[in-house]
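Quick mapping for you: the protein sequence lines, in order, are chains A and B.
In terms of this note's numbering, the first sequence opens at residue 43 and continues consecutively.
In terms of this note's numbering, the second sequence opens at residue 2 and continues consecutively.
Note that these hints are calculated values from the structure, not bench results.
Because the structure is a prediction, the values reported are computed rather than measured.
All C-beta atoms, glycine included, are put in the ideal place defined by N, C-alpha and C.
Do not rely on the hints blindly, as some may be mistaken.
[To be verified] No farther apart than 25 angstroms at their CA atoms in a straight line, the calculated lysine-lysine pairs in the DSS-like style are these: (1) K113(A) with K72(B); (2) K69(B) with K78(A); (3) K78(A) with K38(B); (4) K69(B) with K113(A); (5) K86(A) with K109(A); (6) K61(A) with K78(A); (7) K55(B) with K83(A); (8) K38(B) with K83(A); (9) K61(A) with K6(B); (10) K57(B) with K78(A); (11) K38(B) with K57(B); (12) K101(B) with K72(B); (13) K86(A) with K38(B); (14) K55(B) with K78(A); (15) K86(A) with K64(A); (16) K82(A) with K6(B); (17) K109(A) with K57(B); (18) K82(A) with K55(B); (19) K69(B) with K38(B); (20) K101(B) with K55(B); (21) K6(B) with K57(B); (22) K82(A) with K57(B); (23) K101(B) with K83(A); (24) K72(B) with K83(A); (25) K72(B) with K55(B); (26) K109(A) with K51(A); (27) K64(A) with K101(B); (28) K64(A) with K94(A); (29) K69(B) with K51(A); (30) K72(B) with K109(A); (31) K82(A) with K72(B); (32) K109(A) with K78(A); (33) K64(A) with K69(B); (34) K94(A) with K57(B); (35) K82(A) with K51(A).
[Said to hold, decoys possible] Which bits of chain A does chain B cover? Going by a derived footprint, with three or more residues having C-beta under 8 angstroms, they are: (36) 59 to 71; (37) 106 to 119; (38) 129 to 140.
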Amino acid sequence: DTAVSQTPKYLVTQMGNDKSIKCEQNLGHDTMYWYKQDSKKFLKIMFSYNNKELIINETVPNRFSPKSPDKAHLNLHINSLELGDSAVYFCASSQAGQGGVYGYTFGSGTRLTVV
Amino acid sequence: DQQVKQNSPSLSVQEGRISILNCDYTNSMFDYFLWYKKYPAEGPTFLISISSIKDKNEDGRFTVFLNKSAKHLSLHIVPSQPGDSAVYFCAASEGGATNKLIFGTGTLLAVQP
């Protein structure tokens with residue numbers, strides 16, 4: 043029974059398209075995150091939601107828009123995809139205020155390739 | 002500016018020996034430090050953490066040491082096993098409401114049988 047699940051696992055699309063990645067967690071956590079792992083394997087935070095409220099919004103192009111319909115779901119929509127958006131995107135969750143102690147639980151990632 | 006650095010991209014160790022993975026940080030406001038392990042095509046999995054008020058935390062074969070004055074932490078794995086072969090990420094957080102984790106670039110550990 044997967045704790046944090048992301049779909050799709052692989053996504054290949056052309057430049058200029060719009061795509062979404064979905065994330066769901068069944069751990070009862072309050073906080074969810076999106077991280078991007080680029081070609082240099084650097085994991086960088088993009089967004090975080092706590093109980094459907096945006097609490098972290100790093101310097102990310104406006105083409106990226108997160109949406110949290112409820113605290114168990116955090117989706118990532120990307121408009122007008124560019125070659126540089128190719129990366130692995132990880133969703134994660136944690137209990138509010140406890141991410142530093144118990145860490146986040148990550149999904150298995152979505153490998154996005156823009157051609 | 003990278004606040005968390007892992008200067009060794011890779012490390013090779015013989016099975017049964019000790020693996021020592023190192024991490025340096027620049028932000029003195031970090032309150033928690035964590036280690037994650039990552040296999041290919043999987044998400045990172047949490048291994049062990051340490052709060053800034055401690056200098057050592059142990060969990061089975063894994064021990065994390067924190068040297069605040071040097072802004073340095075290390076993960077010791079004893080004894081190392083082939084199944085430990087993975088990428089290890091160091092991460093740090095200032096705590097608080099957001100609990101944002103800042104990750105290092107990872108060290109690929111290869112444990113040779």
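These are the hints, each one checked on the structure:
Between K113(A) and K72(B), the direct Cα distance comes to roughly 35 angstroms. Violation of the 25 angstroms bound is thereby established for this hinted pair. A distance of roughly 29 angstroms separates the Cα atoms of K69(B) and K78(A); the hinted pair therefore is violated under the 25 angstroms criterion. Between K78(A) and K38(B), the direct Cα distance comes to roughly 17 angstroms. Compliance with the 25 angstroms bound is thereby established for this hinted pair. Distance hint between K69(B) and K113(A) is unfulfilled; the C-alpha atoms sit about 36 angstroms from each other, more than 25 angstroms.
Among the hinted pairs, K86(A) with K109(A) is consistent with the structure: their alpha-carbon atoms are about 19 angstroms apart, no more than 25 angstroms. For the hint pairing K61(A) with K78(A), the CA-to-CA distance comes to about 15 angstroms; that is within 25 angstroms, so the pair holds. With a CA separation close to 29 angstroms, the supplied pair K55(B) and K83(A) exceeds the 25 angstroms bound. Between K38(B) and K83(A) the CA atoms are separated by roughly 13 angstroms; this keeps the pair inside 25 angstroms, and the hint holds.
Between the alpha carbons of K61(A) and K6(B) the distance comes to roughly 33 angstroms, so the proposed pair goes past 25 angstroms and is violated. Proximity of K57(B) to K78(A) is assessed by CA-CA distance (about 30 angstroms); at most 25 angstroms being required, the pair is judged violated. Restraint check for K38(B) and K57(B): satisfied, since their Cα atoms lie roughly 19 angstroms apart, inside the 25 angstroms limit. A hinted pair counts as satisfied when its Cα atoms are at most 25 angstroms apart, and K101(B) with K72(B) qualifies at roughly 19 angstroms.
A threshold of 25 angstroms between alpha carbons decides the hint, and for K86(A) with K38(B) the separation of about 16 angstroms falls inside it, so the pair holds. A hinted pair counts as satisfied when its Cα atoms are at most 25 angstroms apart, and K55(B) with K78(A) does not qualify at roughly 30 angstroms. In summary, the hint linking K86(A) to K64(A) is supported, as the alpha carbons are separated by about 18 angstroms, within the 25 angstroms threshold. The hinted pair formed by K82(A) and K6(B) meets the criterion: a straight-line CA distance of about 13 angstroms does not exceed 25 angstroms.
Among the hinted pairs, K109(A) with K57(B) is inconsistent with the structure: their alpha-carbon atoms are about 39 angstroms apart, more than 25 angstroms. For the suggested pair K82(A) and K55(B), the alpha carbons sit about 32 angstroms apart, so the restraint of at most 25 angstroms is broken. Annotation: proposed proximity of K69(B) to K38(B) holds, straight-line Cα distance about 23 angstroms (limit 25 angstroms). Proposed proximity of K101(B) and K55(B) is supported: the alpha carbons are some 20 angstroms apart, at most 25 angstroms.
Distance check on the hinted pair: K6(B) and K57(B) sit about 20 angstroms apart at the alpha-carbon level, within 25 angstroms; holds. A hinted pair counts as satisfied when its Cα atoms are at most 25 angstroms apart, and K82(A) with K57(B) does not qualify at roughly 30 angstroms. Restraint check for K101(B) and K83(A): satisfied, since their Cα atoms lie roughly 18 angstroms apart, inside the 25 angstroms limit. Straight-line distance between C-alpha atoms of K72(B) and K83(A) comes to about 23 angstroms, which keeps the hinted pair within the 25 angstroms bound.
A C-alpha spacing of about 13 angstroms is found between K72(B) and K55(B), which places the hinted pair at or below 25 angstroms, so the restraint holds. The suggested pairing of K109(A) with K51(A) holds, with an alpha-carbon distance near 19 angstroms, which does not exceed 25 angstroms. Straight-line distance between C-alpha atoms of K64(A) and K101(B) comes to about 21 angstroms, which keeps the hinted pair within the 25 angstroms bound. Straight-line distance between C-alpha atoms of K64(A) and K94(A) comes to about 15 angstroms, which keeps the hinted pair within the 25 angstroms bound.
The straight-line distance between the Cα atoms of K69(B) and K51(A) is roughly 39 angstroms, outside the 25 angstroms bound, and the hint therefore fails. Restraint check: the Cα-Cα separation between K72(B) and K109(A) comes to about 37 angstroms, which exceeds 25 angstroms; the hinted pair is violated. As the CA atoms of K82(A) and K72(B) are separated by approximately 24 angstroms, the hinted pair is consistent with the 25 angstroms bound. Straight-line distance between C-alpha atoms of K109(A) and K78(A) comes to about 16 angstroms, which keeps the hinted pair within the 25 angstroms bound.
For the proposed pair K64(A) and K69(B), the alpha carbon gap of about 39 angstroms is over 25 angstroms, so the pair is violated. A hinted pair counts as satisfied when its Cα atoms are at most 25 angstroms apart, and K94(A) with K57(B) does not qualify at roughly 36 angstroms. A distance of roughly 20 angstroms separates the Cα atoms of K82(A) and K51(A); the hinted pair therefore holds under the 25 angstroms criterion. By the rule of at least three residues with a Cβ nearer than 8 angstroms to a Cβ of chain B, the coverage given for the stretch 59 to 71 of chain A is violated, with 0 such residues.
With 0 residues having a Cβ less than 8 angstroms from any Cβ of chain B, the stretch 106 to 119 of chain A misses the three-residue criterion, and the hint is violated. Requiring three or more residues with a Cβ within less than 8 angstroms of a Cβ of chain B, the coverage given for the stretch 129 to 140 of chain A holds, as 6 such residues are present.
Hints 1, 2, 4, 7, 9, 10, 14, 17, 18, 22, 29, 30, 33, 34, 36, 37 from the list above are not met by this structure, while the remaining hints are.
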